[in-house]
Amino acid sequence: MSKPKETKLVIAIPSKGRLKEACGEWFAARGVVLEQEAGSRGYRARFAGMPQIEVMLLSASEIANALLAGDVHLGITGEDLLREAAPELEGRLYLAAPMGFGFADVVVAVSRAWIDVSTMADLDDVCAAFAATHKKRLRVATKYAELTRGWFARNGIADYRIVPSAGATEGAPAAGTAEVIVDITTTGATLRDNGLKILDDGVILKSQATLAASLRGAVWDEDARAACKALFATLGLEAEFKALSALL
Amino acid sequence: MSSFPYYGPADIDALNAQAVTLLKLFKAKGYDRQEPSVLQPAALFLDRSGEEIRRRTFTLTDPSGSDLALRPDLTIPIAKRVVESEPHFPARISYNGPVFRHESKGGKPVQFFQAGVELFGEPDKAKGDAEILTLAVEALRAAGCTDFTIRMGDLGLFGALVDALQLPAHWRSRLKRHFWRAGYVETLLDRIGHGDETSRLPQDEKDIAALLEAQGDAPLAGRTRAEVITRARAEAAEVLKLDGNVAGAITRLLDISAPIAQALTDIRALLKTAGINLDAGLAAVEARVALLQKLGVDRIEFNAHFGRSMEYYTGFVFELRSKDGVELAGGGRYDNLLELLGAFAPVTAVGCAIHTERLLATVKGAA
Numbered sequence: 001m002s003k004p005k006e007t008k009l010v011i012a013i014p015s016k017g018r019l020k021e022a023c024g025e026w027f028a029a030r031g032v033v034l035e036q037e038a039g040s041r042g043y044r045a046r047f048a049g050m051p052q053i054e055v056m057l058l059s060a061s062e063i064a065n066a067l068l069a070g071d072v073h074l075g076i077t078g079e080d081l082l083r084e085a086a087p088e089l090e091g092r093l094y095l096a097a098p099m100g101f102g103f104a105d106v107v108v109a110v111s112r113a114w115i116d117v118s119t120m121a122d123l124d125d126v127c128a129a130f131a132a133t134h135k136k137r138l139r140v141a142t143k144y145a146e147l148t149r150g151w152f153a154r155n156g157i158a159d160y161r162i163v164p165s166a167g168a169t170e171g172a173p174a175a176g177t178a179e180v181i182v183d184i185t186t187t188g189a190t191l192r193d194n195g196l197k198i199l200d201d202g203v204i205l206k207s208q209a210t211l212a213a214s215l216r217g218a219v220w221d222e223d224a225r226a227a228c229k230a231l232f233a234t235l236g237l238e239a240e241f242k243a244l245s246a247l248l
Numbered sequence: 001m002s003s004f005p006y007y008g009p010a011d012i013d014a015l016n017a018q019a020v021t022l023l024k025l026f027k028a029k030g031y032d033r034q035e036p037s038v039l040q041p042a043a044l045f046l047d048r049s050g051e052e053i054r055r056r057t058f059t060l061t062d063p064s065g066s067d068l069a070l071r072p073d074l075t076i077p078i079a080k081r082v083v084e085s086e087p088h089f090p091a092r093i094s095y096n097g098p099v100f101r102h103e104s105k106g107g108k109p110v111q112f113f114q115a116g117v118e119l120f121g122e123p124d125k126a127k128g129d130a131e132i133l134t135l136a137v138e139a140l141r142a143a144g145c146t147d148f149t150i151r152m153g154d155l156g157l158f159g160a161l162v163d164a165l166q167l168p169a170h171w172r173s174r175l176k177r178h179f180w181r182a183g184y185v186e187t188l189l190d191r192i193g194h195g196d197e198t199s200r201l202p203q204d205e206k207d208i209a210a211l212l213e214a215q216g217d218a219p220l221a222g223r224t225r226a227e228v229i230t231r232a233r234a235e236a237a238e239v240l241k242l243d244g245n246v247a248g249a250i251t252r253l254l255d256i257s258a259p260i261a262q263a264l265t266d267i268r269a270l271l272k273t274a275g276i277n278l279d280a281g282l283a284a285v286e287a288r289v290a291l292l293q294k295l296g297v298d299r300i301e302f303n304a305h306f307g308r309s310m311e312y313y314t315g316f317v318f319e320l321r322s323k324d325g326v327e328l329a330g331g332g333r334y335d336n337l338l339e340l341l342g343a344f345a346p347v348t349a350v351g352c353a354i355h356t357e358r359l360l361a362t363v364k365g366a367a
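Going line by line, the protein sequences match chains H and Z.
Read in the working numbering, the first sequence has 186 at position 186, and its numbers run on one by one without any break.
Read in the working numbering, the second sequence has 220 at position 220, and its numbers run on one by one without any break.
Bound conformation, chain H alone (with noise of 0.2 angstroms):
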């Protein structure tokens, strides 16, 4: 993206739904109120009176991205679709702040039917036990490869594959695409409804919306330093960006 001549504090914030609306709000509550810009299309934003910081609105799943591209020195999405995107985080991006809203579990669900399996311990039983009877590595349905790898690496388990999915994936068990899925839930009710259970100890990342920060790509010049030291004093979050200066 091509950069004005003085260098603005770009921030994403979520473009649509429940996250732009909670967003909106935890920054009003901090005294920082939400600008749409005139025939952006709904493209950009800004914070009324803070002329130095842009706001730039994208799904959420991009943010994640445009953080790690650097496009953007600042950008509010789910910590789930951060740690899929960059499964090491050191060096790439600072979390500075989970924001209480968009909270999601990321979590590893069998079917009901399977009575023998409660823990991870357990599928990895169930893992080795169908590689050997039906000669095929158990498939695991997942938006959350990176995440289900890391996650199924540190229980040591080993005999299975991922098998993208791209929506729906809480269906796959029943269709007959996957036998075991990772997916996120807030309540467990998809899952329930599909005849699934999440496994005791299958919670792999308590996820809720997070402000984060690029460390790698974004330009973090003087102006872009002041813009953030003074948007986070504004929101409370002084330590935050000390220990954010401490990283760049």
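Quick caveat, the hints were computed from the structure, so don't treat them as lab data.
Each residue gets a CB set at the ideal place from its N, CA and C atoms; glycine is no exception.
One or more of the hints may lead you astray.
Just so you have them, the derived chain Z footprint on chain H, three or more residues with Cβ under 8 angstroms [said to hold, decoys possible]:
1. 7-19
2. 109-118
3. 131-145
Position chain Z against the provided structure of chain H, taking the given hints into account.
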């Protein structure tokens, strides 16, 4: 080594000359060269190799939509061919060619050359192990590398140890599957030792069946009803308890990493404490040591948890390293792979792969 190596005339000539030397040696020992294609059906690696190999494998989709992979090793395509062609056993095969692997950390090569040998269907495992080990040592020497050390382990030894424990079968297989994971086995043993692995399932078979019926239309998800019930019964029936001394001895045994003489002394002492007899397994290790000493290789290290850098090893494993610690060759026994690839009966397998570019660099560096 670059991720995108470019071999100038001198480089490629030297590498080819070394390959000729290695292949000539392999052929003299009865190993004929075979060459699987670089492009392979992705399913060959993805269905049977698990996520570790999958995450290191380059996959692509051809214009018709089929999933392909650049071979991450030659062992799997060669083993697949053996399953399909059912050759006369024992079968001896050699290879030399580029392989492609993504390394998530450190940005190591995506392409490098490997030369190797595979021995299939030799019923005398000690003989097969010895043959491959000897060949690996001779190959390095033929290429001009004389200064190397060997690190070895034995997954079979740990298997025999676990089999000697009074534990339910699936707990034994759990321990065997995880023995290579630092800390994992220790945690499992600790849990068994404390006896806090009590089942929540009903004891009675009828109650188990009723519990399954009560799940309504929840999908069986790829398993049969019988599979679920059988495992549920085994879970419900198990009483786990392991003597603290035994658990402690196994944990310490896994930590052993020492020159071979010291390692064997330590292992014997620990086994005595635990009251476990593994004479047969240890005799196999000693036979390999004697063989190596006869070959003039005397810097031997035994590492009890060494052996699963690739996922399919099942027994003896070894690694030859330069004096600077560079891994030049590695191999071992992988008796389960051919069945995983569709063989109807078990076929023993043991092999070795040489990282030829590292070998060449080591020889050049020493010259």
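- prompt: Which numbered hints does this structure break?
  reply: Hint check: 1 fails alone, others pass.
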